[in-house]
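**Q** Residues per chain are reported as follows:
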Amino acid sequence: MISDIAAMLGDPLMQRALVVACLVGLVAPVIGTYLVQRRLSLLGDGIGHVALTGVALGWLVGTLAGLTPNDALAIPGAVLAALVGAVVIELVRAHGRTSGDVALALLFYGGIAGGVLIMSLAGGTNANLVGYLFGSISTVSTQDLVLTAALSVVVLVVGIGLRAALFAVCHDEEFARAAGLPVRALNITIAVVAALTVTVAMRVVGVLLVSALMIVPVAVAQLVTTSFRRTMTTAMAIGVVVCVSGLTITYWHDASPGATIVVLAIGLYALVAAVRPLLVRARRNGTRDPHPDVADDVVLTSGGER
Amino acid sequence: MTIALGGVPIVRTVDLTIGEGEVVALLGANGSGKSTLVRALVGVVPAEHGSIRLLGAPLGRTVPWHRIGYVPQRVSAATGVPATAYEVVLSGTLHGHHLRPPRDARERACEALASVGLGAEADKDVRTLSGGQQQRVLIARALVRRPDLLLLDEPVAGVDLPSQQSFAVALADLAATGTTILVVLHELGALAPLIQRAVVLRHGAIVHDGAPPAPQPEHADPEHVHLHPHDDDRDPARDDPGLTPTVRWRG
Chain Z
23 MISDIAAMLG DPLMQRALVV ACLVGLVAPV IGTYLVQRRL SLLGDGIGHV ALTGVALGWL
83 VGTLAGLTPN DALAIPGAVL AALVGAVVIE LVRAHGRTSG DVALALLFYG GIAGGVLIMS
143 LAGGTNANLV GYLFGSISTV STQDLVLTAA LSVVVLVVGI GLRAALFAVC HDEEFARAAG
203 LPVRALNITI AVVAALTVTV AMRVVGVLLV SALMIVPVAV AQLVTTSFRR TMTTAMAIGV
263 VVCVSGLTIT YWHDASPGAT IVVLAIGLYA LVAAVRPLLV RARRNGTRDP HPDVADDVVL
323 TSGGER
Chain V
182 MTIALGGVPI VRTVDLTIGE GEVVALLGAN GSGKSTLVRA LVGVVPAEHG SIRLLGAPLG
242 RTVPWHRIGY VPQRVSAATG VPATAYEVVL SGTLHGHHLR PPRDARERAC EALASVGLGA
302 EADKDVRTLS GGQQQRVLIA RALVRRPDLL LLDEPVAGVD LPSQQSFAVA LADLAATGTT
362 ILVVLHELGA LAPLIQRAVV LRHGAIVHDG APPAPQPEHA DPEHVHLHPH DDDRDPARDD
422 PGLTPTVRWR G
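Protein chains in written order, with our numbering: chain Z, 23 to 328; chain V, 182 to 432.
Fair warning: there could be bad hints in the mix.
[As the list claims (entries may be wrong)] Capping the alpha-carbon separation at 20 Å, the derived lysine to any residue pairs in SDA-like fashion look like this:
1) V:Lys305 <-> Z:Arg251
2) V:Lys305 <-> V:Glu288
3) V:Lys305 <-> Z:Ser249
4) V:Lys305 <-> V:Arg287
5) V:Lys305 <-> Z:Leu301
6) V:Lys305 <-> V:Glu292
7) V:Lys305 <-> V:Ala259
8) V:Lys305 <-> Z:Val246
9) V:Lys305 <-> V:Ile233
10) V:Lys305 <-> V:Ala295
11) V:Lys305 <-> V:His278
12) V:Lys305 <-> Z:Thr248
13) V:Lys305 <-> Z:Pro299
14) V:Lys305 <-> V:Cys291
15) V:Lys305 <-> Z:Leu245
16) V:Lys305 <-> Z:Arg298
17) V:Lys305 <-> Z:Ala186
18) V:Lys305 <-> V:Thr260
19) V:Lys305 <-> Z:Arg252
20) V:Lys305 <-> Z:Thr255
21) V:Lys305 <-> V:Arg327
By construction, these hints were calculated from the structure, which means they are not laboratory data.
Generate coordinates for the entire structure from the input sequences, incorporating the hints supplied.
**A** Put into structure tokens, the structure is as follows:
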């Protein structure tokens, strides 16, 4: 058993994969917390779909330019497309009100259909496509690792450094505007950081499941927390744990790492949701009357002694 | 000043100046444009024509936002993710380009919560607080800046009478220290002794500006049921461009 673990940790491929999984698990729930707070849980999904077009465009350009390997521009293409897509989605959200929903849907489906189409034009195979759709963490190169680490640092610095301001905007946009906060700039910041997170996490779970890593840990955390800060840190811890354990499982059992990670996270949600009533009851046990001690609004003539 | 929402003028040719230290009530029926006027004052909705000056500065970056406290009309202070009352109040310490809370933010937030009688609730999830308590959290969020100008949009809607009275006492203290207060109200209620001047809006225009008027006789009747469908008068035009402010609850 111990020698098995030593062998796993000694494998350079697995070392890189573990570091990337750790980073992604840590980073994805940061922005996910803001997205859940403003009820935009599916934004990451939308950006992921658009990023696929970016991957395919990068691939096409790489093939046309005769670069080797011909997917050298895939990740930069994804970053670019995700950034553009996120900003467009934010602008649609801020301006269009009723038509926003439909506009977003068009963007999502256009993104994925365009990606598949352009990928086939660029000479990519279905196997290549599946790698981007469901992740290919086992093929992480040192260059990918450096890029992931750099993007993770950016997300952490912005997402945690500006927490108070981002909280204010996500919690009550009207109040933030009335406080003279640069609401539009902060909204764009959230969209950009979400786009960076998507491209970081894409490597691990693929564009179709990318949003799960951002949202599910937050969904689990908020079952047991009462504060925003605690929700974010708990979600980050959950993210790291599910990513690393999911990856470790697939080292021994041949399964898709991305799918395993997401299924683990959702299983954890189900478990916590089932256990929560017991936890909450234990915490409330022995505490006093939850109602505030305030005088009655009406005069009671009988049965109203206090 | 004129404010239009969805192309429909909601507030028409309002010319209003509030002097330093005044306590002014903005009254009117549902849909008369009170909330829209206040929201335009703080830049949440744009004014179609005319100009707005806050504390002497034209609406925009030069406004000293840290001296202005705004309490929006809200049914709930909760969102998708848990947040404690303290965290919500802390967000009130940010303004303009100060995107991080100041050093003494923690004491100030606790002080503001204590001043609305929620000192013991600071670390509770706002979702677990009652509607009236959530409203008080939002008031604390405005007070945490120690504002010189306080704009309140129906701050006592859904708040029980004892809390209204303690809120009136808190406002009286602020007014006594020279805070300028503009408060949107349906009826003067517990705040009546404070109000020095009342502005009444009807169909988006000022129909009275001066001493607080007496309520409609039917409103004074103790049997009269007060309805507070507050969400309905937020933006009548935004949801349905055909709905003009002339639509009122009572014919």
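**Q** Can you list which hints this structure breaks, lowest number first?
**A** 9, 11, 21
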